[in-house]
Amino acid sequence: MDIKTIESAVEAILFASGEAVPLSFISNALEVDRQTLKKIINNMAQRYKEEKRGINILELEDSYQMVSSPLYYDYISRVLIPKRRQQLSSAALETLSIIAYNQPITKAKIEYIRGVDCTGSINKLLERNLIEEAGRLNTAGKPILYKTTLEFLKAFGLRSLNDLPPIDNPFLAADEEAT
Amino acid sequence: MEALSFKTQSFEGPLDLLLYLISKKKLSICDVSLAEISGQFFEYIKQMQEDDIELSSEFLVTASQLLYIKSKELLPKQEEDTKEESQEDLTKRLLEYKKYKEISQIIKEYQSNGDKYLDRPPEKIDIPFEALNLQIPISKLISAFYDVVHKSERKKMPKEESFKGIIGREKVSIRKMSKRVLEVLNGRKRVKFIDVFKDMDKPHMVATFLAVLELVKLQRILIFESNGQIFLSKCEKFQKIEEIKFEFE
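Chains as they are written, first to last, in the working numbering: chain A, 1 to 179; chain B, 1001 to 1249.
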């Protein structure tokens, strides 16, 4: 398979998929090793950006997604009426921040930090697909663990969790001896 | 309404004043006998012609406050330590919380970047099922099957034996076993001693053995030896087991 074909296939896959597609899926489908494919896709993404195309390819952790370029958001919004998405409340944002830096984390831990019940914010974040369940902690009661989603990265313009603003000693590290 | 005045060794006056003095640490609660004060209060109540709800409730409030202070005073001071600790804990927690509160504001700004990327839901493609190249190795399927089996096994009612040691042994009554022995002997000329204990666990065996001894003693059954083997047989005059009076009961 020549590079041109690979690029076109990637383009087709990402277009048809709409949502983020893990690199491994594309790699399996095209029978191209991941490292090479990653380079090719990143190269494509770079080109899309440089040429100021209407479409961008976003890298989200180890997945890729095709999205419209923010440069043309205003034009899009003249054609499509954007859904008035409610802003996240500051409570939800706080909860989201705690999860982002300490994932996977239980509701009890979040509530311990915030000092208030977080059921509402957690449900809201789940509803917005910003967080998801990540199994259960193997302690009494087997509490549900939460982590952020790829949707979270996209919504906040992050490529990976490493792009989060630095924070000194996340809670869990400091908390280990406390629990 | 006039406030009642109380008099004890170290204090004289209305109850409000007492509470005030104690809260200002002018007087130690330990020096005041609350029993004496409530005793005096009951005296007042008795002397009064009719019940004065207001007076009584006022006394109750103040007296319970005093009682609370005193009981707290009398308790060992250990509590203070943990309180301090939790204070420290709380400070730590608040600092932690403050950190996330600040960062959440920064993250909020990030949102405006991300909000302008628009995507669309995945294309729905109708492909016949056979054409789907489901890349699931058979080994995965097998392990999934084992998971199902394992799960259904876990959901099964636990066997009775697994409760041994958790719940006490079944109590085997000698009366019940006596009845059984008689039932076994009923209509038969003789029964081997060993056969009476067939398929029994230890508690049943013990109870049955005791039952045999009792029945022999009460002359309900006979026990005899023949050809080196022990046999049991019923006595002629048979009596219903319910009517037998056991000595051990």
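Treat the hints with care, since some could be wrong.
[Said to hold, decoys possible] DSS-like mimics (lysine-lysine), calculated; alpha carbons at most 27 Å apart, straight line: (1) A:K49 <-> B:K1116; (2) B:K1159 <-> B:K1192; (3) B:K1124 <-> A:K38.
[Stated by the list, open to error] With beta-carbon atoms standing in for the labels, derived distance ranges: (4) A:Q87 <-> B:D1016: 50 to 56 Å; (5) B:D1147 <-> A:Q87: 19 to 25 Å; (6) A:A29 <-> B:R1154: 36 to 42 Å.
[What the hints assert, rightly or not] Computed from the model, here is a short list of chain A residues facing chain B with C-beta under 10 Å: (7) I40; (8) I41; (9) M44; (10) Y48; (11) A92; (12) S160.
Calculated from the structure, these hints are not laboratory results. Note that the structure is predicted; figures quoted are calculated from it, not measured. Don't be surprised by glycine CBs; every beta carbon is placed ideally from N, CA and C.
Verification of the supplied hints:
1. A:K49 <-> B:K1116: Within the cut-off at roughly 15 Å; holds.
2. B:K1159 <-> B:K1192: Violated, because 33 Å separates the two Cα atoms, which is more than 27 Å.
3. B:K1124 <-> A:K38: holds (26 Å)
4. A:Q87 <-> B:D1016: 50 to 56 Å: holds (54 Å)
5. B:D1147 <-> A:Q87: 19 to 25 Å: At 43 Å between Cβs, range violated.
6. A:A29 <-> B:R1154: 36 to 42 Å: About 38 Å separates the Cβ atoms of A29 of chain A and R1154 of chain B, which means 36 to 42 Å holds.
7. I40: Violated - the Cβ of I40 of chain A stays beyond 10 Å from chain B, reaching only about 21 Å at its closest.
8. I41: Violated, about 16 Å.
9. M44: violated (16 Å)
10. Y48: violated (12 Å)
11. A92: holds (9 Å)
12. S160: violated (13 Å)
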